[in-house]
Structures are given as C-alpha cells and as structure tokens.
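So the protein sequences, as listed, match chains A and B.
Mapped onto the numbering used here, the consecutive letters of the first sequence carry residue numbers 8 to 353.
Mapped onto the numbering used here, the consecutive letters of the second sequence carry residue numbers 54 to 377.
Please keep in mind that the hints were generated in silico from the structure rather than gathered at the bench.
The reader is advised that the hints may include incorrect statements.
[Unchecked claim] Which stretches of chain B does chain A cover? Using the computed rule of at least three CB atoms under 8 Å from a CB of chain A, they are:
id : segment
1  : 244-255
2  : 269-282
3  : 299-305
[What the hints assert, rightly or not] A few chain A residues facing chain B, derived, Cβ under 8 Å:
id : residue
4  : S27
5  : Y54
6  : L119
7  : P293
8  : F296
9  : Q302
Even glycine gets a Cβ: it sits at the ideal position worked out from N, Cα and C.
Now for the letters of each chain:
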Amino acid sequence: MKPLDVGVVGLGKMGLLHTSLLGALDGSRVAAVAEPSRTVRDALASYNPAIRTFPDLASMTAETALDAVVIATPVDDHVPSALACVERGLPFLVEKPLAESAASARPLLAALAARPLPNMVGFMTRFVDTFARGREAVASGCLGRVQRVTASIYVSQIFGRGRGWRYLRKRSGGGVLINQGSHLLDLVTWYLGPVARVNARTQAVWSDEVEDFAHLVLEMRSGVIGWLDCSWSVRGRRAVETTIEVLGDRGVLTVTDDTLRLSLDRAAEGWPAGHTVETAADLFRPVPFDVGGPQYTREDLRFVEAVAAGRAAEPDARQGFHVQAVVDAAYRSAAAGGAPAEVEAP
Amino acid sequence: MSGIDLADPRAAAGASAAGPLPVHPSGLDRVLLGHNPLFGIDHLSQERGAAKARRFEAAGAVAGLLAGCHDLGVRAMMMSTHPRAPEVLAALDGVPGPAASWRLYPLVPNIQKYVRGANEKGLVDLLLEIAGGAGLARTLAWSFQAGRSVVGRDVEAGLTLLLDVELAPFRGRRLGAVFLHDALTDLALGLGVERVLEVFRRHVEERWGAQAGFATKNLPLLLERTRALGWDSVLAMASLNARGFWVNPSLERVVEALGDPRLTLLAMNTLASGALDPESAYRWLGRHPVASVVVGVSRREHAEQTVGAIRRHLLAPGGAGEPG
C-alpha cells in the first residue's frame, strides 16, 4: 500500500521527532513541513530536498497533496491549525495540550462533529508500556470497587526565569499543570473516566504568569475522590517521573514510567493474588523505528493506521477537550483560593 | 544488595590487580566503563538511578569506583558531557597509575541539556546560547542570522562548532572514539539527513584524531543508510541482549545485521538494564561478533562478576568476538 503523505507543522523538538518517526515508518512519509524559521527550513532542505518546505500551514496544504497533518506548533496555534485541517478534510495529530483553554477548543469540536475525521491529541504517556498495562489492570476490574486515585508528575527543569511562549499564559495556557499535568489528567481519565469537579491550588515561583507547582483534588463523575500533584521545579528528578496509584477494595495498583506494581487480596480477572511486579524490560516490545522512546512510535503508528483505515483513534480531540476543561476548572478554582469548580461538559 | 560498595574508596584498596584488558583489532577497548551510574541514570528504575547518584556524590566515591575498575583491568570509560563530567575527569586523574592509561569515549551531546533547553527556550535560541557561552556567538550568528538563507556549508559550520563546544572538556585527553548520541543519530536517520552523520564522522576524525561512532536504537537502519552512502566501515553502539530489551526492530533482525562485515559493534544494555545476570548475558553475547561492551557497574562484586564473565565468554580465544 502507498505510504501516507504527511505534512508536519512546526519544527521544534516535537515536530522534528514526528518528522523523523513518520519519515522512517513504512506506512508514512513526510512530504512537506511548515516552519516559520527560514534557517530551520533551509537547513532541512539542504540535507533532504525530498521534503518540501513552507513557511506556514496554508501554503503547505495549498501546494502539496497530503493525507494527514501533524501539528507541533505553540499551544495557541493548535486549534487554528486543526480547524484549517478539518476545513481541508485532512486528518490530524495535534501535540498536547489541545488548546490554551476549553473555550478556544470548542469550535474544533463543533467542526469535527460536522465533519468527522481521524484525529489524535499527543498524550503519549498512554503509549508507555507500563501505563498501558496499568490501564489493562484497571479495566479488568481486578481491583474491585475503586476508592481513590492519586497521581504525580515531577521533573527538575525550571530553576530560573524562562523566556519564550511557554511562559506567556496567553500563548501556552498556563504552566506545569497544562504542560505536564495534562499527561496525568489524560491518564487518570483514561483509567477512571471523566472528572466532575476540582479544587486546586497553584504556585508560581519562577514566573509572573505561569505556575510551577499545582495540586488538585479531583472528584470523578463516578464519585471516586483523588488528588494530583505536579511540578517542574522539584529537585533530584533528572527525567520526568510520573506515578499513578489506584486503590480498590480488593487491592492497589501503582504504576510509574518504569514499573507496574499490583497487590491483590485474591486472584481476579487473570491477575494473581499477592504482589505482581512488571518492569519496562518485562513489558518491552520492539518497534519498527525508535527515536525518543517507543511510546512516540506507537502513538504515530496508531495515527497512521487510523488515517489509512479512515477510522477514529484515541486519545482524540474530545478527550483532549475534557483534559482542557479540567485544567480550566483547576485554574478557576486556584484563582478562587481553592473553592470547588465544576468541569465544563463538552 | 550485598557486596562491597565500589563507591567506598576504602574498598578499592583491597582489590587484587589484574592486567589491562586487551584491545580489539579495530583499536577499541574491549570493556568500557559506562558513565550512567555516576550520573544517576538507570533505564530500568529512576529510583535506583537517583540512589546511585546520591552515592557517587560522596567525596572520593567516583575515584573509588575508577580505582576498583582499574584493578580489574578496565582502562576505558564512556562519558557524556554531563554537568558532573569535570568531577569524574578530575577523579580519573587521581586514580593510581598513570592517568594516561585511561582512554575516554565521549558520547555527545549531553542530550538532556538540549531537551530541557529546547523546552525552555526553543531549539535555535538554545544553540546560539550554547555557542555564545563558549565565546563563539559571532561565528554562529553569521550562520544563523534570522531570515538569511542558509545552505549546507553554514549548517555544517554550525554543527562542527557545537561539536567542538561539547568536546572541549576532553581536549588533551586520550580518546578512544567519539560517539554521537542515539537521539541524534536516529533523528538524522528518520529525517533522511544522514549526510549529517558524515559531517560528524569527518570532523571527529580530522579535528579530534579519533574514530567516530554512532549510538543508535535502530542498528539495521543505520547499516542500510550508511551502505547507501558508500561507507566501508561503521562503528556503532547499540543495545544487544538475549531479552531483546531496547533492540529494534527485532532481536532477529539485529542479530542478522551483526553479520555485516563493515560493522564494529560496541554493545550496550547487555544486561537488559539489570534483568539478566552477567554469566548468562555474556555467554549469549559471546556467540555473536561483538567487538566491545560498555558496562555500568557500581559495586565491586558486580564489577568482578561482570568483567569475569566478559573475560570468559567474550575474550576467550575462539569466541565469536575474537577475530581469527
């Protein structure tokens, strides 16, 4: 079968990664990229003239026959680019978070409802082997009735005043909560369903506009209560450390980036009684091409397969919207000193 | 965990000295000490990595590890340009015996620095800042002027400049080979810009007088693309273990690729991040044409087991890694 011709918008870190992956996978090739920096465009063109380069999405889609688009631009450009794709009937994978606010994402949901297309939001943590396996455990029901969920994401990254769009709330939508905490919210909702309301506190120590610490108390629609904590300004975490723990009345599941631990009172749904430990080495499955970690390969493979088959894929814009709505509620709650805030329905 | 802690300098004093491990005909040291434990990197457990990082912060801890490994015959070390690299280099100078007996294998660039920096500042600003910090901003500004058209030679000038900045801490040291980080090797392969690999190779050989190697998570693809470029030799570092952990696109394909006569392989992740014991891991590895291995050790007992198993299975006459 002919490989899909994909266009990539934005050649920052994530755009380069997707361009590399989609260029190497059998089912796709990168026909064109759109990038405002002439330096970056020229550098790519001088080494690989087979990829056409354009200054923006509009000229790229006007002059290249594409099957799909990957959007890896600053957050405030995600929805405008995604809307342009829908208008042209082009399936898209947009990097996370979906938007800088739920309100700005609404027109995209409306456009997709009118013209359904395969689309994905880049919550790649779902494709990390341990977290995918954790979802299987939760979905199996082996934990019994779920009573509580806790989750955290930490990295030692910001220890000074930053520059650029990420530190401008209007462009990025916020700080660590929307940037990295959104991965956690995607995991929590993927595991346990939607969130009904939140109480949140945030703290900015390195920036005037965006938070470096966030703590949320979550009430799921199922009634389960939990909390989520995130920071990019903690010490001693050289790489991103993500943890989710789900407590049930028959056991507890703890999943990190590298290990899954399950403790059950009795065997259930194919999981044994007692302690089960599965490591990244136990769960590893090779990928056709790896740059940056197999989770990105699996994410892009999922997208390519969905586009080729013309079917829906997950996580999609609707799920991305829910995560965004929880983030918005958290910011409203934090602004009100931690008062409960309802999560907007799609 | 039991065993004498190599991070304890007193432990090294009791070690029995062995002769240096042999060198492969390609010029590569057969066993390289990996830098990961020293810098708190553990691909199987971030918690375990952090514990190692704490241990090696103690005064003399790094020197103790190096002295212990020296006694086991190890004379080579792979090292990234991690912020703590100067500390390790200083410790190396203090190891009994001539510091010049050690050969270093830089792995560049320190990818974490670039990933975090790109998150914070964007890629182009970050590159300018790094070059600027080395007093080279003017040169790079010439290449990366906003809006000016750049061509291949400008990019090449920028790349070699950044490479020199990364390698500066190793100036004057004995270099075994310089490896390009897998994130960049693989990025280049996927982008179809493998001529960048040629730029790296030429610069390392001509400017730094060392062999150029390529770390990769996609060994068969590296071999395929470099064949198309007409390379008659490829020095690569890639994961290889019986579990197939981090071995892409499959263990079978990689084992098949090992038969490429152009390849000199430095095997990494040979214990599958601790999932395999040294004896069985190196017995399996000894059946394949592996020139060298890079090992991460932090305790004397583990180092002895590891180096002992490598001597038995990889360096014994007639082993698959032994030429002739």
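For which of the previously enumerated hints does the structure constitute a violation, in increasing order of number?
Failing hints, ascending: 6 and 9.
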